[in-house]
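Residues per chain are reported as follows:
Protein chains: 2
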Amino acid sequence: MKRLRRLSGRRSSRRSEARYLLDGPVLLAEALECGARIEGVYAEPGAPADLLEDVTARGVPLQPVAQGALRKVLDLAAPQAVVAVVAMEPVGFEELCAGAIGSGAPLLALVGIQDPGNAGTLVRVAEAAGCAGVAFTEGSVDPWNPKAVRASAGSVLRVPLAVDVPTGELLGATRDRGLDAVATVTEGGRPPELTELAGASVLLVGSEAHGLPEELLAVVTRRVAIPMAGRVESLNAAVSGALVAFEAARQRRGAEPVRPEGGSVGQNARGDLRPTAENT
Amino acid sequence: MKRLRRLSGRRSSRRSEARYLLDGPVLLAEALECGARIEGVYAEPGAPADLLEDVTARGVPLQPVAQGALRKVLDLAAPQAVVAVVAMEPVGFEELCAGAIGSGAPLLALVGIQDPGNAGTLVRVAEAAGCAGVAFTEGSVDPWNPKAVRASAGSVLRVPLAVDVPTGELLGATRDRGLDAVATVTEGGRPPELTELAGASVLLVGSEAHGLPEELLAVVTRRVAIPMAGRVESLNAAVSGALVAFEAARQRRGAEPVRPEGGSVGQNARGDLRPTAENT
Chain D
0 MKRLRRLSGR
10 RSSRRSEARY
20 LLDGPVLLAE
30 ALECGARIEG
40 VYAEPGAPAD
50 LLEDVTARGV
60 PLQPVAQGAL
70 RKVLDLAAPQ
80 AVVAVVAMEP
90 VGFEELCAGA
100 IGSGAPLLAL
110 VGIQDPGNAG
120 TLVRVAEAAG
130 CAGVAFTEGS
140 VDPWNPKAVR
150 ASAGSVLRVP
160 LAVDVPTGEL
170 LGATRDRGLD
180 AVATVTEGGR
190 PPELTELAGA
200 SVLLVGSEAH
210 GLPEELLAVV
220 TRRVAIPMAG
230 RVESLNAAVS
240 GALVAFEAAR
250 QRRGAEPVRP
260 EGGSVGQNAR
270 GDLRPTAENT
Chain L
0 MKRLRRLSGR
10 RSSRRSEARY
20 LLDGPVLLAE
30 ALECGARIEG
40 VYAEPGAPAD
50 LLEDVTARGV
60 PLQPVAQGAL
70 RKVLDLAAPQ
80 AVVAVVAMEP
90 VGFEELCAGA
100 IGSGAPLLAL
110 VGIQDPGNAG
120 TLVRVAEAAG
130 CAGVAFTEGS
140 VDPWNPKAVR
150 ASAGSVLRVP
160 LAVDVPTGEL
170 LGATRDRGLD
180 AVATVTEGGR
190 PPELTELAGA
200 SVLLVGSEAH
210 GLPEELLAVV
220 TRRVAIPMAG
230 RVESLNAAVS
240 GALVAFEAAR
250 QRRGAEPVRP
260 EGGSVGQNAR
270 GDLRPTAENT
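So the protein sequences, as listed, match chains D and L.
Quick note, the first sequence lines up with residues 0 to 279 if you use numbering that gives the first Met the number 0.
Quick note, the second sequence lines up with residues 0 to 279 if you use numbering that gives the first Met the number 0.
These are calculated hints, taken from the structure and not from any lab test.
Source: prediction; values computed, not measured.
Among the hints, erroneous ones may be present.
[Unchecked claim] What follows is a list of derived Cβ distance ranges for each label pair:
hint, chain 1, residue 1, chain 2, residue 2, range
1, D, LYS1, L, GLU186, 22 to 32 Å
2, L, SER11, D, GLU232, 43 to 53 Å
3, L, GLU94, D, VAL90, 35 to 45 Å
4, D, GLU232, L, ALA208, 30 to 40 Å
[What the hints assert, rightly or not] Covered stretches of chain D, as calculated for chain L (at least 3 residues, CB under 8 Å):
hint, stretch
5, 38 to 44
6, 91 to 99
7, 147 to 161
8, 243 to 250
[Said to hold, decoys possible] Restricting the straight-line Cα-Cα distance to at most 25 Å, the calculated cross-link-like pairs of lysine to any residue (SDA-like) are:
hint, chain 1, residue 1, chain 2, residue 2
9, D, LYS146, L, HIS209
10, D, LYS146, D, GLY229
11, D, LYS71, D, CYS33
12, D, LYS146, D, SER12
13, D, LYS146, D, LEU50
14, L, LYS71, D, GLY210
15, D, LYS146, L, VAL90
16, L, LYS146, D, ALA208
17, L, LYS146, D, LYS1
18, L, LYS146, L, ARG5
19, D, LYS1, D, GLY177
20, D, LYS146, L, GLU232
21, D, LYS146, L, GLU207
22, D, LYS71, D, GLU38
23, L, LYS146, L, VAL90
24, D, LYS146, L, ARG5
25, D, LYS146, L, THR185
26, L, LYS71, D, ALA76
27, D, LYS146, D, ARG4
28, D, LYS146, L, ALA228
29, D, LYS146, L, LEU75
30, L, LYS146, D, ARG70
31, L, LYS71, L, LYS146
32, D, LYS146, L, ILE100
33, D, LYS146, D, ARG230
34, L, LYS71, L, THR185
35, L, LYS146, D, SER206
36, L, LYS1, L, VAL90
37, L, LYS146, D, CYS33
38, D, LYS1, D, GLU16
39, D, LYS146, L, THR55
40, L, LYS146, D, ALA28
Note that beta-carbon positions come from the ideal geometry of N, C-alpha and C, so glycine has one too.
Construct the entire structure; sequences and hints are all you get.
Right under this line is the structure:
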């Protein structure tokens, strides 16, 4: 149980063991279904019997624990009756880039995102929007944090993830491979539907509080800003990232011919929508 | 301080007093700026002096409290050095509908949304996407819950909010006024960009766990489903609502002529994007 507490609460323990925790029967069932490497399962008396049968049928060690035991060790609100120890299988950032180029889909790059709920939500968004994977820069939250795993609703099991990516590597690999780097900004960008997003690219999402660092903004290929009405200064990072990732998916579906960038395309913002400066 | 604890932790107390709490200097500054009815401010020694000067200059009673006193009474992680008691000013659902019709913009209707973070995020989305307001049905979380207020980043101060709206009233008022009711669903809907969303309408967003109730689905005018790749079954409610609300804003900007509904418009989903059934 001490090990579970460490894997739940400490990023360093997850990294050194290359293991993380999945809590609850729904996530465990998904892990079994997608062939995740499950090292062991800890179950309280209330865990679903048929699920536990699947666990033992797969040859995964099953450890019964006392009622309420998981609540004491897991760093989660309302822990459920079963928890699995799963092997994390991160990929390198180079590999993510190769995947993006191969599939013609974007990557999401989370730059300094601290909130585990936002991080997990964006991993789920990446899967749903058909992204090639998610990169977490140094200084971002751990995608295998238990709250992030929950918010991902199992997408951490299926989406290629690169972690601890230095900002320099992000830029270097992007440039070397000719991948467009697209920054999500609050001002000085073009609306997503007027930005070419259909191909392989890296969609950079910064934290709501700090945005993207200058060193990244200085070298990006395009800047996207969601036109905002009212007095809203920024959107939640998960919302911004979702709007850009799903607009990219929409463009890949071919729903709309995107107007070419670089020409003097007029902004369509009108009425109470704040006009947005054009990208350079 | 007992009163602050009640206003922080209990919805019933907020309702009976028609007051709620705003925590932190940023939200308090926004409340002062937009002319909110502030009944009183409680400040620990660390609160910004210039802000407190503004408070007293506005004739708002200022009550100094001991260092750490707010932490003990507020139902919030990392409470800040200042909290304001603010009058809530809800509007009726009829009034929201009139606002939507007058402005030609949609309303968001949150149906059974329980998570305060999602609720607050959607209030902010509503402001940023130029919606006419947000309705919360009976059984939804309170938008004046302290966590929702925080997640709204101050939008609760500016967006017209109707609460405790019975589902029957939602339907009745919508029908009587000829407002389109648009359901956000996971299956059996059209992609947002192929759905007419440019005018006054009610955009219904259900909880991720339960979706929208059958009685509502039976009478909606249109169904929207975000095309999803991978094995994702649903999106976070705040993400779904944001995608639909911002697509409505995009259509109002006139960025794309929407294809007429009702004809046999082919779905453009292809490749790894799950095809979506057409709306009836």
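Results of checking the hints against the structure:
{"no.": "1", "hint": "LYS1(D) x GLU186(L): 22 to 32 Å", "result": "violated (44 Å)"}
{"no.": "2", "hint": "SER11(L) x GLU232(D): 43 to 53 Å", "result": "violated (33 Å)"}
{"no.": "3", "hint": "GLU94(L) x VAL90(D): 35 to 45 Å", "result": "violated (53 Å)"}
{"no.": "4", "hint": "GLU232(D) x ALA208(L): 30 to 40 Å", "result": "holds (31 Å)"}
{"no.": "5", "hint": "38 to 44", "result": "violated (count 0)"}
{"no.": "6", "hint": "91 to 99", "result": "violated (count 0)"}
{"no.": "7", "hint": "147 to 161", "result": "holds (count 6)"}
{"no.": "8", "hint": "243 to 250", "result": "holds (count 3)"}
{"no.": "9", "hint": "LYS146(D) x HIS209(L)", "result": "holds (21 Å)"}
{"no.": "10", "hint": "LYS146(D) x GLY229(D)", "result": "violated (32 Å)"}
{"no.": "11", "hint": "LYS71(D) x CYS33(D)", "result": "violated (29 Å)"}
{"no.": "12", "hint": "LYS146(D) x SER12(D)", "result": "holds (16 Å)"}
{"no.": "13", "hint": "LYS146(D) x LEU50(D)", "result": "holds (22 Å)"}
{"no.": "14", "hint": "LYS71(L) x GLY210(D)", "result": "violated (32 Å)"}
{"no.": "15", "hint": "LYS146(D) x VAL90(L)", "result": "violated (35 Å)"}
{"no.": "16", "hint": "LYS146(L) x ALA208(D)", "result": "holds (17 Å)"}
{"no.": "17", "hint": "LYS146(L) x LYS1(D)", "result": "violated (32 Å)"}
{"no.": "18", "hint": "LYS146(L) x ARG5(L)", "result": "holds (14 Å)"}
{"no.": "19", "hint": "LYS1(D) x GLY177(D)", "result": "violated (47 Å)"}
{"no.": "20", "hint": "LYS146(D) x GLU232(L)", "result": "holds (19 Å)"}
{"no.": "21", "hint": "LYS146(D) x GLU207(L)", "result": "holds (17 Å)"}
{"no.": "22", "hint": "LYS71(D) x GLU38(D)", "result": "holds (21 Å)"}
{"no.": "23", "hint": "LYS146(L) x VAL90(L)", "result": "holds (21 Å)"}
{"no.": "24", "hint": "LYS146(D) x ARG5(L)", "result": "violated (28 Å)"}
{"no.": "25", "hint": "LYS146(D) x THR185(L)", "result": "holds (24 Å)"}
{"no.": "26", "hint": "LYS71(L) x ALA76(D)", "result": "holds (20 Å)"}
{"no.": "27", "hint": "LYS146(D) x ARG4(D)", "result": "holds (14 Å)"}
{"no.": "28", "hint": "LYS146(D) x ALA228(L)", "result": "holds (23 Å)"}
{"no.": "29", "hint": "LYS146(D) x LEU75(L)", "result": "holds (17 Å)"}
{"no.": "30", "hint": "LYS146(L) x ARG70(D)", "result": "holds (23 Å)"}
{"no.": "31", "hint": "LYS71(L) x LYS146(L)", "result": "holds (16 Å)"}
{"no.": "32", "hint": "LYS146(D) x ILE100(L)", "result": "violated (41 Å)"}
{"no.": "33", "hint": "LYS146(D) x ARG230(D)", "result": "violated (31 Å)"}
{"no.": "34", "hint": "LYS71(L) x THR185(L)", "result": "violated (42 Å)"}
{"no.": "35", "hint": "LYS146(L) x SER206(D)", "result": "holds (19 Å)"}
{"no.": "36", "hint": "LYS1(L) x VAL90(L)", "result": "violated (28 Å)"}
{"no.": "37", "hint": "LYS146(L) x CYS33(D)", "result": "violated (35 Å)"}
{"no.": "38", "hint": "LYS1(D) x GLU16(D)", "result": "holds (14 Å)"}
{"no.": "39", "hint": "LYS146(D) x THR55(L)", "result": "violated (41 Å)"}
{"no.": "40", "hint": "LYS146(L) x ALA28(D)", "result": "violated (31 Å)"}
Hint compliance for this structure: hints 1, 2, 3, 5, 6, 10, 11, 14, 15, 17, 19, 24, 32, 33, 34, 36, 37, 39, 40 are broken, all remaining hints hold.
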